[in-house]
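2 protein chains.
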Amino acid sequence: MSKNLTSRAEDYSKWYNELVVKADMAENSAVRGCMVIKPYGYAIWEKMQAELDRMFKETGHQNAYFPLFVPKSLFEAEEKNAEGFAKECAVVTHYRLQNDPDNEGKLRVDPEARLEEELVVRPTSEAIIWNTYKGWIQSYRDLPILINQWANVVRWEMRTRLFLRTAEFLWQEGHTAHATEAEALAEAEQMNNVYAEFAENFMAIPVIKGLKTESERFAGAVETYCIEALMQDGKALQAGTSHFLGQNFAKAFDVKFTNNEGKLDYVWATSWGVSTRLMGALIMTHSDDKGLVLPPNLAPTQVVIVPIYKNDEQLKQISDLANTIKNDLKALGVSCKFDGRETHRPGAKFAQHELQGVPLRIAIGPKDLENGTVELARRDTLTKEIVNLDGLPTLISKLLVTIQEELFNKALNFRNNHITKVETFDEFKDVLENKTGFISAHWDGTPETEQKIKELTKATIRCIPQDGEEEAGVCVFTGNPSKRRVLFAKAY
Amino acid sequence: MSKNLTSRAEDYSKWYNELVVKADMAENSAVRGCMVIKPYGYAIWEKMQAELDRMFKETGHQNAYFPLFVPKSLFEAEEKNAEGFAKECAVVTHYRLQNDPDNEGKLRVDPEARLEEELVVRPTSEAIIWNTYKGWIQSYRDLPILINQWANVVRWEMRTRLFLRTAEFLWQEGHTAHATEAEALAEAEQMNNVYAEFAENFMAIPVIKGLKTESERFAGAVETYCIEALMQDGKALQAGTSHFLGQNFAKAFDVKFTNNEGKLDYVWATSWGVSTRLMGALIMTHSDDKGLVLPPNLAPTQVVIVPIYKNDEQLKQISDLANTIKNDLKALGVSCKFDGRETHRPGAKFAQHELQGVPLRIAIGPKDLENGTVELARRDTLTKEIVNLDGLPTLISKLLVTIQEELFNKALNFRNNHITKVETFDEFKDVLENKTGFISAHWDGTPETEQKIKELTKATIRCIPQDGEEEAGVCVFTGNPSKRRVLFAKAY
Numbered sequence: 001m002s003k004n005l006t007s008r009a010e011d012y013s014k015w016y017n018e019l020v021v022k023a024d025m026a027e028n029s030a031v032r033g034c035m036v037i038k039p040y041g042y043a044i045w046e047k048m049q050a051e052l053d054r055m056f057k058e059t060g061h062q063n064a065y066f067p068l069f070v071p072k073s074l075f076e077a078e079e080k081n082a083e084g085f086a087k088e089c090a091v092v093t094h095y096r097l098q099n100d101p102d103n104e105g106k107l108r109v110d111p112e113a114r115l116e117e118e119l120v121v122r123p124t125s126e127a128i129i130w131n132t133y134k135g136w137i138q139s140y141r142d143l144p145i146l147i148n149q150w151a152n153v154v155r156w157e158m159r160t161r162l163f164l165r166t167a168e169f170l171w172q173e174g175h176t177a178h179a180t181e182a183e184a185l186a187e188a189e190q191m192n193n194v195y196a197e198f199a200e201n202f203m204a205i206p207v208i209k210g211l212k213t214e215s216e217r218f219a220g221a222v223e224t225y226c227i228e229a230l231m232q233d234g235k236a237l238q239a240g241t242s243h244f245l246g247q248n249f250a251k252a253f254d255v256k257f258t259n260n261e262g263k264l265d266y267v268w269a270t271s272w273g274v275s276t277r278l279m280g281a282l283i284m285t286h287s288d289d290k291g292l293v294l295p296p297n298l299a300p301t302q303v304v305i306v307p308i309y310k311n312d313e314q315l316k317q318i319s320d321l322a323n324t325i326k327n328d329l330k331a332l333g334v335s336c337k338f339d340g341r342e343t344h345r346p347g348a349k350f351a352q353h354e355l356q357g358v359p360l361r362i363a364i365g366p367k368d369l370e371n372g373t374v375e376l377a378r379r380d381t382l383t384k385e386i387v388n389l390d391g392l393p394t395l396i397s398k399l400l401v402t403i404q405e406e407l408f409n410k411a412l413n414f415r416n417n418h419i420t421k422v423e424t425f426d427e428f429k430d431v432l433e434n435k436t437g438f439i440s441a442h443w444d445g446t447p448e449t450e451q452k453i454k455e456l457t458k459a460t461i462r463c464i465p466q467d468g469e470e471e472a473g474v475c476v477f478t479g480n481p482s483k484r485r486v487l488f489a490k491a492y
Numbered sequence: 493m494s495k496n497l498t499s500r501a502e503d504y505s506k507w508y509n510e511l512v513v514k515a516d517m518a519e520n521s522a523v524r525g526c527m528v529i530k531p532y533g534y535a536i537w538e539k540m541q542a543e544l545d546r547m548f549k550e551t552g553h554q555n556a557y558f559p560l561f562v563p564k565s566l567f568e569a570e571e572k573n574a575e576g577f578a579k580e581c582a583v584v585t586h587y588r589l590q591n592d593p594d595n596e597g598k599l600r601v602d603p604e605a606r607l608e609e610e611l612v613v614r615p616t617s618e619a620i621i622w623n624t625y626k627g628w629i630q631s632y633r634d635l636p637i638l639i640n641q642w643a644n645v646v647r648w649e650m651r652t653r654l655f656l657r658t659a660e661f662l663w664q665e666g667h668t669a670h671a672t673e674a675e676a677l678a679e680a681e682q683m684n685n686v687y688a689e690f691a692e693n694f695m696a697i698p699v700i701k702g703l704k705t706e707s708e709r710f711a712g713a714v715e716t717y718c719i720e721a722l723m724q725d726g727k728a729l730q731a732g733t734s735h736f737l738g739q740n741f742a743k744a745f746d747v748k749f750t751n752n753e754g755k756l757d758y759v760w761a762t763s764w765g766v767s768t769r770l771m772g773a774l775i776m777t778h779s780d781d782k783g784l785v786l787p788p789n790l791a792p793t794q795v796v797i798v799p800i801y802k803n804d805e806q807l808k809q810i811s812d813l814a815n816t817i818k819n820d821l822k823a824l825g826v827s828c829k830f831d832g833r834e835t836h837r838p839g840a841k842f843a844q845h846e847l848q849g850v851p852l853r854i855a856i857g858p859k860d861l862e863n864g865t866v867e868l869a870r871r872d873t874l875t876k877e878i879v880n881l882d883g884l885p886t887l888i889s890k891l892l893v894t895i896q897e898e899l900f901n902k903a904l905n906f907r908n909n910h911i912t913k914v915e916t917f918d919e920f921k922d923v924l925e926n927k928t929g930f931i932s933a934h935w936d937g938t939p940e941t942e943q944k945i946k947e948l949t950k951a952t953i954r955c956i957p958q959d960g961e962e963e964a965g966v967c968v969f970t971g972n973p974s975k976r977r978v979l980f981a982k983a984y
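For the protein sequence lines, the chains are A and B, in the order given. Note that my numbering gives residue 222 to position 222 of the first sequence, counting from 1, and the numbers run on in steps of one. Note that my numbering gives residue 631 to position 139 of the second sequence, counting from 1, and the numbers run on in steps of one.
Each hint should be verified, as a subset may be incorrect.
What the hints assert, rightly or not - Listed next, the stretches of chain A that the computed footprint assigns to chain B, with coverage defined by at least 3 CB atoms under 8 Å from CB atoms of chain B:
| hint | stretch |
| --- | --- |
| 1 | 30-37 |
| 2 | 68-76 |
| 3 | 84-94 |
| 4 | 128-134 |
| 5 | 149-163 |
Worth flagging that the hints you see were computed from the coordinates, not collected in a lab. Using N, Cα and C, we set each Cβ at its ideal position, and we do this for glycine too.
All chains, full assembly: derive it from the sequences and hints.
Here it is, written out as structure tokens:
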């Protein structure tokens with residue numbers, strides 16, 4: 001199968017689309033723009049969920065669940081938010097189907113069952129949640145509210161791609177309420193840091209933390225923190241965002257509280273989310289022309305054992321040995337699968353596990369049985385060696401940690417080599433054309449300049465990096481003064 | 493707070509509604525029939541999810557995710573299924589909102605953005621899933637497919653109640669595909685057994701396993717296995733169902749496979765699900781007039797420690813001791829919370845934890861510090877005693893197991909005392925009127941008789957018990973011959 005995978009050099013976009021499907025992660029469904037996440041892909045998503053959920057709870061958050069539907073009158077209450085999402089809303093207008101009198105055996109919407117008020121399928125849940133919080137908050141004693149929700153959301157995008165941009169996607173959305181501006185700001189920044197830590201330490205994806213410009217902010221936010229990653233084709237990908245919403249939603253939904261001085265004030269808010277889009281980031285950061293490369297933390301199976309045998313007795317002996325290895329690995333917290341399928345030859349199994357990114361492959365043949373060895377192959381480096389059975393589990397356990405680190409470092413080097421400082425617009429265009437990646441440039445701070453650069457080059461300001469220093473300079477486009485560099489890139 | 497709870501004797505239905513809200517489990521939302529599951533309720537649901545997910549994986553199932561929407565043409569493909577759900581479908585007809593020219597600041601559906609084909613918000617996913625499976629199955633080698641999905645579904649019910657019947661609810665739905673009828677039947681029965689085991693061993697809810705009659709079957713099923721529980725008001729509650737779907741969906745979606753003899757055949761199917769309805773079953777099985785009673789397995793907090801103090805020094809000493817107890821309990825896998833809130837008096841804390849069903853409460857006061865004791869109170873029996881600190885963690889750990897068992901046994905006794913064999917229709921009506929509970933009666937096997945009994949008494953056949961023996965008799969209503977008893981009851 002892997003032989004059929006288009007190479008990245010040939011057509012990066014095609015490579016991605018093929019890989020997602022061939023590695024059995026997801027596929028398109030009968031519903032325009034909606035995907036089916038297949039078990040192998042979903043198992044990876046579950047690992048992300050478990051780790052994020054742990055991190056959210058560790059920072060004091062609890063899960064809850066709010067309705068899928070947002071009544072139109074609530075949806076439109078926060079004007080900017082409504083404006084930002086109105087163009088891509090799935091809208092429920094009826095609550096019943098009936099037999100179609102003109103078309104035997106078919107159904108149609110029952111015209112009598114029109115809803116009095118249309119329901120928007122949530123594209124994000126600020127509106128329905130803040131309308132709910134109104135009933136929960138009277139005094140500063142009711143604050144903070146620190147809630148997260150795991151849910152599906154729908155944004156009717158016109159151009160969709162598996163994981164990266166789909167009409168329905170899975171995500172988590174945190175929605176918090178605070179008594180003070182400072183506390184809400186700290187929360188928004190904290191959660192962006194949690195995302196950065198998760199991306200780097202768990203997914204081995206280096207990210208740049210920063211703030212969005214006004215025109216790239218979440219609709220309804222006062223400030224949007226983000227983490228930006230760089231894909232192997234030199235395009236950026238927004239991997240997570242955390243919004244300081246100010247009092248915008250509190251004002252839209254009239255959520256006031258009595259503060260500790262006895263005065264009424266509007267509540268301060270944040271919201272933050274990551275989605276199945278991270279699956280796309282994962283694939284495009286680490287994978288190669290042979291298929292998926294998975295950081296061990298995210299691999300549904302970390303080690304696969306493939307038997308190579310000529311007769312049943314050999315198979316029996318290899319199975320027994322494999323079982324011992326499997327149990328030893330389990331005791332060390334390493335997941336291992338024995339691929340004993342008799343319907344497939346070893347070569348086919350090798351190809352499949354390569355395509356699906358299993359970090360380590362053990363092959364055991366008759367000679368290995370004699371010598372007390374196995375063949376151990378690394379997916380990330382595509383290298384293999386004969387190793388002794390003695391100490392194998394410990395070796396593997398350590399090697400998985402090494403692989404995780406090396407994948408991160410490799411991606412980090414690539415990313416760092418693809419941040420280019422430019423001083424002129426010619427240099428700017430040249431980088432976009434030839435080197436790709438992030439462009440660190442001065443910008444005059446106006447949405448107009450940002451918009452013009454976008455129109456001319458398709459590059460957008462990915463973020464104003466948090467760790468960037470003040471540096472006097474002139475805008476790469478207008479020559480007007482600038483106080484700090486921002487990062488531009490073409491982006492997913 | 494608990495003082496305000498309506499008693500079960502006074503108004504069982506009101507007691508339930510109040511309890512759900514006052515114990516902070518869920519509340520109604522701005523969307524008709526849709527609930528908000530609050531953090532405390534959701535934490536209980538998460539415990540159910542984790543245990544069920546473990547059981548599904550242990551029986552070889554994997555999770556995946558399928559689209560929220562079902563195109564109308566797929567929805568109507570399996571006729572009986574479509575007929576069963578058409579009357580309660582939320583239907584998406586448009587994909588965009590626009591500014592309303594007649595109503596400044598308001599939005600309306602954009603008439604230009606009408607979908608070519610309406611999308612049904614999934615009430616259940618057989619249609620979209622079997623349309624997907626069609627692409628996955630060619631040969632018997634592709635079978636079985638053993639997939640589960642955790643998802644939200646929508647059924648536009650007219651009369652809704654928190655957890656028990658809501659327009660949107662959370663559930664899991666298993667969808668499996670098999671090469672033979674026998675295998676699919678065995679799967680359907682196996683999953684019903686998993687549900688029974690989960691209900692009894694984890695939720696402490698005794699259930700009766702059985703088969704639904706034709707008129708109570710899932711729309712599109714050949715056979716529906718179910719587990720039926722009995723609530724404290726003598727009404728039955730269907731707690732889970734597992735369907736043998738025969739080849740109905742394979743035929744509707746043309747899903748054929750080459751069997752091991754090289755012949756083409758339609759694939760055999762099952763589907764099975766439990767939902768947030770189980771939260772309702774949990775509440776109505778164990779709780780009392782003081783509030784929620786939670787089996788220790790499901791309690792977000794199993795032990796709460798309340799300090800009773802007059803000065804800061806006492807509080808400090810009690811906190812230190814509480815911390816030691818908490819850590820000792822954690823080491824034994826018991827979750828424990830110290831309620832050190834200075835905004836609430838001990839009495840208010842006691843009432844809240846009682847209302848929220850924390851299984852064990854420890855109170856520590858100055859005398860306890862002197863004597864090396866604590867006051868330990870059981871939520872289920874409302875009893876308390878002074879116990880020594882020595883061996884407290886072990887005592888608690890064992891006591892939690894005891895409570896779990898005793899809750900089950902109590903519910904089991906109640907249930908067993910509420911199964912009444914009747915021979916005549918007068919007796920039948922008398923039990924319904926006075927004793928309530930399950931009625932074990934002979935039935936002539938016809939849907940007509942079933943329907944008439946339902947019209948006259950509101951009682952339905954809950955199931956044909958699996959462990960019921962053949963026993964010749966005559967139908968309680970028509971006097972026609974019957975081979976076995978079935979269980980009738982009024983039901984949620």
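In rising order, the numbers of the hints this structure does not comply with: No hint contradicted; all consistent.
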